[in-house]
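These protein sequences, in sequence, are chains P and L.
Residues 1 to 561 (the working numbering) make up the first sequence, in order.
Residues 1 to 351 (the working numbering) make up the second sequence, in order.
Note that these hints are calculated values from the structure, not bench results.
A portion of the hints provided could be inaccurate.
As the list claims (entries may be wrong) - As a list, the in silico DSS-like pairs of lysine-lysine whose alpha-carbon atoms are at most 30 Å apart: (1) P:K457 / L:K45; (2) P:K497 / L:K124; (3) P:K457 / L:K314; (4) P:K496 / L:K124; (5) P:K457 / L:K124.
Unchecked claim - If the Cβ cut is set under 7 Å, some of the chain L residues that face chain P in the computed set are: (6) Y96; (7) Y100; (8) D187; (9) Q190; (10) G193.
Unchecked claim - Incomplete in silico selection of chain L near chain P, CB under 7 Å: (11) Y192; (12) S218; (13) G219.
Cβ coordinates follow ideal geometry from the N, Cα and C atoms, glycine included.
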Amino acid sequence: MKPKGKSKNKSYKPILPGTKHWPVVQLNKRRKEFIERTVEETLKRVTEENPGTQELREELETTLHREKLRIKQNPWRVDPPDEYKFWEKVKNDLLDLAGKSESRAEEEEILRRIIRRYAQEIAGNFKKSRYKLAREIIKFGFARLLNATRVKRFGAFFRNQYTLRDKIQITGKAKQLRKLAKIGTVVMVPTHFSNLDSVLIGWVIHVLGLPAFIYGAGLNLFNIKIFAYFMNSLGAYKVDRRKKNFIYLETLKMYSNLALQEGAHSLFFPGGTRSRSGQIENHLKLGLLSTAMEAQRNSFMKHPDNSGRKIFIVPVTINYNFVLEAPALIHEHLKRLGGEKYYVENDEYSTSYKMLKFMLKFFTKGSDISVSIGKGMDLLGNYVDNQGRSIDQHGRFIDTRDYFTYQGEVNIDKQREDEYTRRLSKIIVQEFHRNNRVFASHLVAFVAFEMWKKKYKKLDLYDVLRLPEEDLIIDYNEFKECFGRLRDEVYKLKKKKMVNIAPHLKNDIDEVIKLGISNVGMYHTKRPLMFNKKGDIITQDMATLYYYHNRTDGYGLEEYI
Amino acid sequence: MASKNISKKPVGVIGAGSFGSAIANILAEKSEVLLYARDSETIKKIAEQKENRGQKLHTNITATGDLSYLASVCDVIFPIVPSSAFRTMMQQLSPYLHPYHILIHGTKGLDISLPKGETIDSVKELNRENIKTMSEVIMDESVVIRVGCLAGPNLAKEMAKAQPAATVVASHYGEVIKEGERLLRNDRFQVYGNNDLIGIELAGVLKNIIAIASGALSGLGLGENAKGLLISRGMVEMIHLGKIMGGDVHAFLGVAGIGDLVATCNSTLSRNYTVGYRLAQGESLDQIIATMEEVAEGVNTVRIAKKMVESANKRAPITEALYDVLFGDLTVDKALQMLMRYPYNVDIDFI
Chain P
1 MKPKGKSKNK SYKPILPGTK HWPVVQLNKR RKEFIERTVE ETLKRVTEEN
51 PGTQELREEL ETTLHREKLR IKQNPWRVDP PDEYKFWEKV KNDLLDLAGK
101 SESRAEEEEI LRRIIRRYAQ EIAGNFKKSR YKLAREIIKF GFARLLNATR
151 VKRFGAFFRN QYTLRDKIQI TGKAKQLRKL AKIGTVVMVP THFSNLDSVL
201 IGWVIHVLGL PAFIYGAGLN LFNIKIFAYF MNSLGAYKVD RRKKNFIYLE
251 TLKMYSNLAL QEGAHSLFFP GGTRSRSGQI ENHLKLGLLS TAMEAQRNSF
301 MKHPDNSGRK IFIVPVTINY NFVLEAPALI HEHLKRLGGE KYYVENDEYS
351 TSYKMLKFML KFFTKGSDIS VSIGKGMDLL GNYVDNQGRS IDQHGRFIDT
401 RDYFTYQGEV NIDKQREDEY TRRLSKIIVQ EFHRNNRVFA SHLVAFVAFE
451 MWKKKYKKLD LYDVLRLPEE DLIIDYNEFK ECFGRLRDEV YKLKKKKMVN
501 IAPHLKNDID EVIKLGISNV GMYHTKRPLM FNKKGDIITQ DMATLYYYHN
551 RTDGYGLEEY I
Chain L
1 MASKNISKKP VGVIGAGSFG SAIANILAEK SEVLLYARDS ETIKKIAEQK
51 ENRGQKLHTN ITATGDLSYL ASVCDVIFPI VPSSAFRTMM QQLSPYLHPY
101 HILIHGTKGL DISLPKGETI DSVKELNREN IKTMSEVIMD ESVVIRVGCL
151 AGPNLAKEMA KAQPAATVVA SHYGEVIKEG ERLLRNDRFQ VYGNNDLIGI
201 ELAGVLKNII AIASGALSGL GLGENAKGLL ISRGMVEMIH LGKIMGGDVH
251 AFLGVAGIGD LVATCNSTLS RNYTVGYRLA QGESLDQIIA TMEEVAEGVN
301 TVRIAKKMVE SANKRAPITE ALYDVLFGDL TVDKALQMLM RYPYNVDIDF
351 I
């Protein structure tokens, strides 16, 4: 089954001829120097934040305390073997300073050592040759798998009839993204639902002919050797979520900030972790976004003649019919939300056998993924045109630099930038909703769940989730009527540009419902929705249904149930 | 706090009403001020006589009728025009504005935008989406996002006489607050900062409702007990209304909330108070409006707040009673009787 609708199924030439000119390659060439710069800039930042005589000492002691606790309570295999020794030395050096009153210089030296250690750990190690190999493996492997499983003929394994492009539809402003990546620095901010996202986005970046992006990947992923290999090849830098101390976070932010200033295209998942509820992110983490703000202001300051590179934010919305981890994620979400009102019964997916089964099913059945690339924006959320010029809501050009200007000069104002970052995060969330493509599978889940919720109006969410299966049947005709009404509302939203839709949603209504029900969570052992023998609609797993329902939450559609 | 450090660039004030003129005078102690007026008569009069609406204007003030000039010369602009004209003014000003501009408005009113063909009386529901505070209008219409507002017990006539007063400069941006302080603060004028912009704007807007009611009480010749009752119950109602519109309790308890409320409720100088007073004396709203020199924002606010309360399915007895007096045929006397018999008698239920 070829994907329906107009997927722009063409290939893009790389925007830079070889990998030699890639910002990430350039950055890596000067790796040592870059790390040193990160160290010095972070040192400056941390000392500025701790100007008092006692403050820096306290900062160091707090960090030491937390790090020792982490080593004891939560050690990982990726941790370097000399971890304990390093911090023991810090402790002794701090003890030596205990009696001294004028010890700022020594304290700063210890601080520098800590920052350097962090920076070296964070810094990615991009290798051109490895990148190429990884890319080929992904491309080749997936394509073989697709052909072998889809074309059921001997020898199909070596055919090129199907490629990933049939499976994954890239829609939206791909061309603009390519243009922006040539003239400025792109910060891509995708929604995050599945562990598959990182690989998927990496592939999309490659297909679009863009140079590799740098992105933060959890240090824990480097525990797995093969993963570590790919991550290192793809320009990832390491983020350790265990380390919450100020010095570490500042080092991390400075790394991102300087890399952006060097023109390295970056990728953040601004929601932080995967969406547990299935909802589109509505609160973003501001730390890394604020580094983009800072990098932009810095670039304006350094280039008063306006020759500095502009930073562009490109929101990306990923849509799946199916998220492998959905049942586990939603359980976690409900548990967190409901506390004792919710019990997880069992966690039934995580073995490698199941993973394998999923991969096979994933490639054999027609379940499409769409990646919608949003319009490029400047740091204040103004859309930009293909030349990267910011445009206001009335169609006038704006100079982004003016936002950072006070009395004619670009100046540093942290509070202002924090506020701008908050504002940007709100606009990104809006863009996510706007670019989100409604799939039939999401809409059937939404309609069914809301119909049941309405039927049992007096029950709270947790009681609804616990309803026995025999109470959960919807008459097909009733469902169809309601689905039609909601689909009309979705069209209206689409007209107002508040959401997007997958082309298949426009088909004949019975067909759309059928497609939706056969696709919603299609690989879960317990199906969130299915037809019974009479042709009415039933569920086997309310919680997972709730997860897929959440995908269309936040548009006020429940009013029309 | 010396008033000698003249700012390099002039400061803009848009709107030569009595409050606009008073603010221009305060600003002029430290800076050159460009004062925009719409009609050429006013501009001429200011230029020739250095006087406007009975206020003597500082020599640092220059009148202009050219918005593009004002925007090109001033980085900081104080728009102070009635809420009913605010959006149109912003649409005219917007083409000349850049993101480096800072706008601090001094308008205590709301802007409503309804679907085409609807009026406030015909529309079924009024939601927060239809109602904008002035800072939201500024951001709707222009690229400026460093926005702030002035609020507080700022009776223009007292300020004109250089009596001591204070104002709140509210903004999400520290630099806007600082700029407001730098430009406005002097020995007789204290400036407080607040970062709850929407809350402060709402406090400033909603107190006008209570100010009308207070005028009505005086008009009926009632005493201080009644006023005490009104101010405290009015405060509670403001907070409830504010919450419906997305404000926070805190803003209402400060200078811009209770401070402003007490000042306006006690002052015969307030326009809103005057409306209430004259209503109680038996005049009709039309008669009052026809003879008033400047608009009383509260009249419009009552109308919007009433609709909003209905749409949210809540009650606001003072506002509802006032609405019937202003736009229906309820007399002030009857409204008062109604309020006294109102069954809801919990004192405070929001803290």
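Hint check:
1. For the proposed pair P:K457 and L:K45, the alpha carbon gap of about 68 Å is over 30 Å, so the pair is violated.
2. Using a Cα cut-off of 30 Å, the hinted pair P:K497 and L:K124 holds, with the two alpha carbons roughly 24 Å apart.
3. At roughly 22 Å between alpha-carbon atoms, P:K457 and L:K314 fall within 30 Å of each other, so this suggested pair holds.
4. Annotation: proposed proximity of P:K496 to L:K124 holds, straight-line Cα distance about 21 Å (limit 30 Å).
5. With a C-alpha separation of about 26 Å, the suggested pair P:K457 and L:K124 falls inside the 30 Å cut-off, and the hint holds.
6. Hint status for L:Y96 relative to chain P: violated, with the closest Cβ pair at about 11 Å, above 7 Å.
7. Taking 7 Å as the C-beta cut-off, the interface hint given for L:Y100 holds, the closest approach to chain P being about 4 Å.
8. The interface hint given for L:D187 is broken, as the beta carbon of that residue sits about 25 Å from the closest beta carbon of chain P, more than 7 Å.
9. Evaluation of the L:Q190 hint against chain P yields a violated restraint, the C-beta minimum of about 22 Å exceeding 7 Å.
10. Interface hint status for L:G193: violated, as the beta-carbon distance to the closest one in chain P is roughly 12 Å, over 7 Å.
11. Interface hint status for L:Y192: violated, as the beta-carbon distance to the closest one in chain P is roughly 17 Å, over 7 Å.
12. Hint on L:S218 is violated. Least Cβ distance to chain P is approximately 43 Å, over the 7 Å limit.
13. Violation of the interface hint for L:G219 is found here, the shortest Cβ-Cβ separation to chain P being roughly 45 Å, above the 7 Å cut-off.
Consistency note: the structure conflicts with the earlier hints numbered 1, 6, 8, 9, 10, 11, 12 and 13.
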